[in-house]
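Quick note, the sequences are listed as chains A and B, same order.
The first sequence begins at 1 in my numbering and counts up by one.
The second sequence begins at 1 in my numbering and counts up by one.
Everything labelled a hint here was simulated from the structure, so no lab data went into it.
Among these hints, one or two may not hold up.
Stated by the list, open to error - Per the computed footprint, the stretches of chain A lying under chain B, defined by three or more beta-carbons under 8 Å from a beta-carbon of chain B, are:
#1 34-48
#2 127-138
#3 217-226
#4 293-299
Every residue gets a Cβ at the ideal spot worked out from N, C-alpha and C, and that includes glycine.
One letter stands for each residue in the lines below.
There are 2 protein chains.
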Amino acid sequence: MSEPILRAQKLDAADELAGLRAKFVLDEVVYLDGNSLGALPAAVPARMEDVVRRQWGSLRIRSWDESGWWTAPERIGDRIAPLVGAAPGQIVVGDSTSVNVFKALVAAVRLAGEGRDEIVVDATTFPTDGYIAESAARMTGCTLRPATPAEVPDVVTGRTAAVLLNHVDYRTGRLHDLPGLTAAVHEAGAVVVWDLCHSAGALPVGLDEHGVDLAVGCTYKYLNGGPGSPAFLYVRRELQDRFDSPLPGWNSHTEPFGMRPAYEPAAGAVRGRVGTPDILSMLALEAALEVWEGVPIDAVRAKSLALTDFFLECVAAYVPEGAVESLTPVAHAERGSQVALHCPGAGDVMKRLIENGVVGDFRPPDVLRFGFTPLYVGFADVERAARILAGTLS
Amino acid sequence: MSEPILRAQKLDAADELAGLRAKFVLDEVVYLDGNSLGALPAAVPARMEDVVRRQWGSLRIRSWDESGWWTAPERIGDRIAPLVGAAPGQIVVGDSTSVNVFKALVAAVRLAGEGRDEIVVDATTFPTDGYIAESAARMTGCTLRPATPAEVPDVVTGRTAAVLLNHVDYRTGRLHDLPGLTAAVHEAGAVVVWDLCHSAGALPVGLDEHGVDLAVGCTYKYLNGGPGSPAFLYVRRELQDRFDSPLPGWNSHTEPFGMRPAYEPAAGAVRGRVGTPDILSMLALEAALEVWEGVPIDAVRAKSLALTDFFLECVAAYVPEGAVESLTPVAHAERGSQVALHCPGAGDVMKRLIENGVVGDFRPPDVLRFGFTPLYVGFADVERAARILAGTLS
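Next up, chain A with everything else stripped away, as it sits in the complex:
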């Protein structure tokens, strides 16, 4: 038996989170695409059946009160809160990430106040953040300034209203320095918006500790909420009273059933709502979040780093030198929970990998992307993935 296989056995045997895998519906496939769509938590199907048949089918309209539908966005936000280092009452769930980026960025410009007319946006961002930032700039009379995260401390000035950054780069898996960049933005007197899509549920974020102003994130990656499950919006408590949403729907009114013609925003996280929330997706997410009960995010982070370390080791051991090149930083402080490999013909390579039971994804033009979800990926999976990758490339 080869050395990596033995190592994997030892690592799995010592893995304190190994038992969590049983809380998911999985098969023999090595699923390394949880950074795109998380696997199905085993509690979800029965919950959805109850939501559909009993809550909707029998109780119908009464469920808005009796089944807790009305309060779900903040209740579920409070379940996400400890995973991203937020005290309760600051996160609301609903709408897509893109819509939440719009809310957060426009609100950030308004918080920054007069005389600041520039939005700095991560030049390496997942595209939707850039598109939405462009619209937010256009609609608030700002100019848009793209900058890499490393450049941010040098480009923020007294003109900067808001800075939109990604915590982990979707393509390379690079983890950016949230505490340092947040401090740099604040030093310039600007407001920071963090996109946590690729970090929420994968590593500690420390929103409150680091004084982050606003943040958004998706719930269908490391939080396993299901396809297109609603995103979340964090507004730091001290900013909530001044949070001025560009999407002031009736669900964010202080008295939504008062049907008043004048808008009066609710206090607290509720202010981040817009229209009627999509309850089916929302309650699937709530069931999915139960797997986190008693799971410390620090333990998740430790296992995530061990998994990506081990994957890079196995790739080095199995794959002929020069066939692939890691785009993911070696330093732990700069690594998210994925490994991106530059690989000629990556599109075809990923097809063959999937045919052979290893699911990652392909990002054009030539990147193989592998996500490692510590809740259900083990070290034997990692060894197997690297071994099959080597076979695919040879």
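Assemble the complex: chain A is given as a structure, and chain B must be docked to it using the hints.
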């Protein structure tokens, strides 16, 4: 046996749509709140089970292609299209109604072009439309002018950019003159946005026929899509190329997986998308729409009018004169699919009605609201509701 009971029997016996009730999960309750949350179509639970267990649980990420998740927003839009008189390719499903009102209204102002800086909004609107219109006006440099639908032909001028109207008033059930008001807005050179929340699935709308520019609507009322199911957006084909969305998310990009930094909007209905759609809610809606197969909307309208006529008759027969007063117009051309009764102490009356198996809803300060969904409400239900109402009031 009293006269209304006999009449109900005859009407039910002659009802060509009576068989559709079997396609819903219902019980002995008289459910007259389908204008708030439609009843559960019987096909939904099994479909959701398949979506959750097989599509998400087994196929996982592959379902974006293999289970048709990616194309769902337009495919489901095309199922709604015939119900609102739209040819295929003009409706996209996703986001909440409020978010779609924002997209439509900002896009309408941009379509109207330079020199027009006023948004006219229905002064009797469901509040969220007014709140969102205020935000759209603020962000496009327009002023907001409230006007009742009847006043619209007189207030639209060469300054008017866009007019936002409700097809059916949520409170009184009054149906507004969509063809006439659309023509009046067009005569002034402005763009019209119709909110179809209380008409889609209840009566013919004729979007194409009447040259409507933009429309939005919800799917959890007469379309029975489930709690908070995604809303829809209609953009008339001739306007699609100039539709300039304030929420240009990656899902509306011409090549979403190209991950290009510059936004290039897709052609067609896709342009109305924003972020990743909520697939669970979306596919529950798709299953729910199957009940419409072969059901002509004209037949639905004819039964709806017969139901509301009969309810008003029964109320007149059973309820002591002066105890309630209908706010819903007598003329068919001015009536939606609901009856609103002014009633002192309406909040308490509705509580007692619900305790006695008749579910409608209460709108402050003093309105009892009863919605009549022709797909599953019968004439015996109507008679019983009026009889129990009379008992509650005596």
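Unsatisfied constraints (hint numbers, rising): 4
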